[in-house]
Amino acid sequence: MNACQKKPRLNIFWFRRDLRLKDNKGLYEALMGEMPVLPIFIFDPLILGRLENASDARVEFIFKKLQEINESLQEKQKASIQIFFDEPLKVFEKLLKEYEIQSVYTNEDYEPYALLRDGKVQAFLESKGKSLKRFKDQVIFGPDEVLKSDSTPYLVFTPFSKSWKKKLKSKDLDPHRSEDHLDHVYKQKPTSLQSLKDLSFHKSNISFPGKSLYKSRLKEYGETRNFPALEHGTSRIGLHLRFGTVSVRHCVQVARENSKDWLNELIWREFFMMILFHFPHSENEVFKSTYSKIPWREDQEDFRRWCEGKTGYPLVDAGMRELVQTGYMHNRVRMLVASFLCKHLLISWKWGERFFAKHLLDFELASNVGNWQWAAGTGVDAAPYFRIFNPSTQFKKFDPDEEYVTQWVPEWKSEKYVEPMVDHEFARRRALKAYKENMESKK
DNA sequence: TTTTGAGTTGTTCGA
DNA sequence: GTCGAACAACTCAAA
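In our numbering, the protein residues as written are 158 to 600.
Hints may be right or wrong, so weigh each one.
[To be verified] Below, in silico cross-link-like pairs of lysine-lysine (BS3-like), each with a Cα-Cα straight-line distance of 25 angstroms or less: (1) K251 to K344; (2) K287 to K182; (3) K277 to K305; (4) K247 to K163; (5) K328 to K467; (6) K354 to K164; (7) K222 to K233; (8) K235 to K324; (9) K467 to K573; (10) K328 to K305; (11) K235 to K319; (12) K417 to K247; (13) K179 to K251; (14) K222 to K346; (15) K287 to K277; (16) K590 to K360; (17) K328 to K417; (18) K319 to K221; (19) K179 to K326; (20) K182 to K326; (21) K354 to K221; (22) K163 to K305; (23) K254 to K293; (24) K328 to K346; (25) K277 to K251.
[Stated by the list, open to error] Taking CB as the label site, the calculated pair distances span: (26) L589 to K322: 48 to 58 angstroms; (27) K164 to K319: 49 to 59 angstroms; (28) E572 to E228: 51 to 61 angstroms; (29) K233 to K553: 30 to 40 angstroms; (30) K553 to D243: 32 to 42 angstroms; (31) K553 to R207: 35 to 45 angstroms; (32) E572 to E232: 56 to 66 angstroms; (33) D340 to T483: 48 to 58 angstroms; (34) A211 to K322: 37 to 47 angstroms; (35) Q351 to L246: 44 to 54 angstroms.
Note that these hints are calculated values from the structure, not bench results.
These numbers come from a predicted model, not from an experiment.
Every residue, glycine too, gets a C-beta built ideally from N, C-alpha and C.
The task is simple: from the sequences and hints, build the whole structure.
Below you can see the structure in the form of structure tokens.
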């Protein structure tokens with residue numbers, strides 16, 4: 158750039174897991190600032206590198222949403238979003254050369270990697286006299302906002318949820334009208350986005366769920382949520398909450414008005430985010446050290462059968478096949494397959510957690526780790542170790558018309574179907590013994 | 001400081 | 001067939 162030429166002065170809004178123009182807190186704050194706002198998104202090679210699959214549907218989803226944002230900006234403001242494929246620090250280095258930047262605005266992200274990354278970016282920007290401004294957007298209450306009276310984190314869900322709900326009463330859930338101020342976006346020549354192929358990713362054949370919340374159905378959520386055959390028994394909003402294509406304030410507003418049970422699920426989401434924030438080691442290690450000595454079986458062959466949905470237990474297999482084929486699994490079945498892996502097969506929750514991470518479109522690290530540890534009995538406020546789901550009983554209870562199982566395991570009644578890979582009673586006793594005998598005594 | 005009540009989602013056994 | 005207890009104590013949170 159010519160030294161005489163003045164660099165454009167602006168602020169940056171960095172999209173991450175908040176891919177919407179509407180009710181976006183950080184974007185709203187950026188647009189309220191004095192400078193025009195340049196929206197950017199960064200595909201971080203460190204994150205992409207973790208994905209094993211060249212057609213990871215989540216990358217496709219992000220890409221699709223970025224295109225929608227871009228089209229919307231071009232249409233309304235003749236502006237566009239800039240997309241980068243590089244390490245965040247290098248991207249900001251480059252941007253600082255090109256523009257006279259005052260501040261970078263973004264929304265808070267509480268995952269261990271994100272915190273580390275944002276800390277580095279902040280230090281870098283500050284070393285150049287700029288600032289990184291972070292706003293709370295993906296939760297109603299951040300990890301330090303709902304604490305016990307002694308200022309330490311809650312470790313039990315129910316008192317946490319009571320405290321959370323009490324705080325919600327005086328909480329304003331009105332949307333931040335970011336979409337009304339898009340005229341403050343920095344105008345530049347529209348650029349067309351690169352394609353997925355530039356990322357060496359290609360299209361999957363997975364279809365994405367819509368983000369509509371059906372209020373009349375949510376009213377029945379408490380009664381319908383345990384039946385995987387019902388398409389709208391649950392909200393199916395996880396993917397949109399993960400990538401911020403829906404606002405959590407909107408969800409909580411709808412939940413408050415329509416379903417206390419669903420509101421509780423949204424509180425679980427924040428409970429586990431809070432837990433992972435305060436106890437980052439729980440991402441990889443058991444939360445309760447009492448259970449750190451369980452002799453997990455490292456049986457690749459048994460694990461493979463579980464992954465492929467060939468355990469011989471119809472409801473378990475239906476769930477696993479639904480997951481691999483669609484990127485989704487009904488919550489009731491998630492609990493069952495998790496219990497089956499940890500208890501019946503005595504395989505570490507961590508193996509299951511990684512498999513879910515790879516396949517779930519709605520994969521949320523905190524919830525995934527929290528719920529797997531819950532199923533294994535090793536987590537915060539977890540299921541007691543002796544609670545072992547009976548896969549046949551669960552089938553009778555929650556898929557009484559055999560509709561869900563027949564959809565995913567059509568051969569389950571025929572001779573072609575595999576024998577149960579392990580006898581329930583045998584597995585149950587083995588698990589009870591393994592947990593009981595390997596509990597660390599208290600010091 | 002001590003006490004007390006409670007704690008996501010189950011299953012099995014025996015009276 | 002129904003129902004409460006056992007599964008196993010322990011820890012958390014608040015009074």
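Cross-check of the supplied hints:
1. Taking the CA atoms of K251 and K344, the gap is about 19 angstroms. The hint holds against a cut of 25 angstroms.
2. A threshold of 25 angstroms between alpha carbons decides the hint, and for K287 with K182 the separation of about 20 angstroms falls inside it, so the pair holds.
3. Restraint check for K277 and K305: the C-alpha separation of about 31 angstroms exceeds 25 angstroms, so the hint is violated.
4. Under the criterion of a C-alpha separation no larger than 25 angstroms, the hint pairing K247 with K163 is consistent with the structure, at around 22 angstroms.
5. At most 25 angstroms may separate the alpha-carbon atoms for a hinted pair to count; K328 and K467 exceed this at roughly 48 angstroms.
6. Annotation: proposed proximity of K354 to K164 is violated, straight-line Cα distance about 32 angstroms (limit 25 angstroms).
7. Between K222 and K233 the alpha-carbon distance is near 17 angstroms, which keeps this suggested pair within the 25 angstroms criterion.
8. For the suggested pair K235 and K324, the alpha carbons sit about 42 angstroms apart, so the restraint of at most 25 angstroms is broken.
9. The straight-line distance between the Cα atoms of K467 and K573 is roughly 11 angstroms, inside the 25 angstroms bound, and the hint therefore holds.
10. At roughly 19 angstroms between alpha-carbon atoms, K328 and K305 fall within 25 angstroms of each other, so this suggested pair holds.
11. Distance check on the hinted pair: K235 and K319 sit about 47 angstroms apart at the alpha-carbon level, beyond 25 angstroms; violated.
12. Simply put, K417 and K247 have alpha-carbon atoms about 45 angstroms apart, too far for the 25 angstroms limit, and the pair is violated.
13. For the suggested pair K179 and K251, the alpha carbons sit about 28 angstroms apart, so the restraint of at most 25 angstroms is broken.
14. For the given pair, K222 sits about 20 angstroms from K346 by alpha-carbon distance, which is consistent with the 25 angstroms threshold.
15. Of the supplied pair hints, the one linking K287 and K277 holds, its CA atoms being roughly 13 angstroms apart against a limit of 25 angstroms.
16. Between K590 and K360 the CA atoms are separated by roughly 47 angstroms; this puts the pair beyond 25 angstroms, and the hint is violated.
17. Between K328 and K417, the direct Cα distance comes to roughly 17 angstroms. Compliance with the 25 angstroms bound is thereby established for this hinted pair.
18. Between K319 and K221 the alpha-carbon distance is near 38 angstroms, which puts this suggested pair outside the 25 angstroms criterion.
19. Taking the CA atoms of K179 and K326, the gap is near 24 angstroms; set against the 25 angstroms cutoff, the hint holds.
20. Annotation: proposed proximity of K182 to K326 holds, straight-line Cα distance about 20 angstroms (limit 25 angstroms).
21. With a C-alpha separation of about 13 angstroms, the suggested pair K354 and K221 falls inside the 25 angstroms cut-off, and the hint holds.
22. The straight-line distance between the Cα atoms of K163 and K305 is roughly 53 angstroms, outside the 25 angstroms bound, and the hint therefore fails.
23. A hinted pair counts as satisfied when its Cα atoms are at most 25 angstroms apart, and K254 with K293 does not qualify at roughly 29 angstroms.
24. Among the hinted pairs, K328 with K346 is inconsistent with the structure: their alpha-carbon atoms are about 41 angstroms apart, more than 25 angstroms.
25. For the given pair, K277 sits about 16 angstroms from K251 by alpha-carbon distance, which is consistent with the 25 angstroms threshold.
26. One distance hint, 48 to 58 angstroms for the beta-carbon pair L589 and K322, is violated here, with the actual separation near 36 angstroms.
27. Here the CB-CB span from K164 to K319 is close to 53 angstroms, well matched to the stated 49 to 59 angstroms.
28. Taking 51 to 61 angstroms as the suggested C-beta distance range, the pair E572 and E228 conforms, at roughly 53 angstroms.
29. Distance hint check: the CB atoms of K233 and K553 are about 54 angstroms apart, inconsistent with the given range 30 to 40 angstroms.
30. Between K553 and D243 the Cβ separation comes to about 53 angstroms, which falls outside the hinted range of 32 to 42 angstroms.
31. For the pair K553 and R207, the supplied restraint of 35 to 45 angstroms holds, since their beta-carbon distance comes to about 39 angstroms.
32. Range check, E572 to E232: Cβ separation about 58 angstroms, and the 56 to 66 angstroms hint holds.
33. Taking the beta carbon of each, D340 and T483 are about 40 angstroms apart, not inside 48 to 58 angstroms as hinted.
34. In this structure the hint that A211 and K322 lie 37 to 47 angstroms apart at CB holds, the actual value being about 44 angstroms.
35. Between Q351 and L246, the C-beta spacing of about 21 angstroms breaks the proposed range 44 to 54 angstroms.
Comparing the model with each earlier hint shows violations of hints 3, 5, 6, 8, 11, 12, 13, 16, 18, 22, 23, 24, 26, 29, 30, 33 and 35; every other hint is respected.
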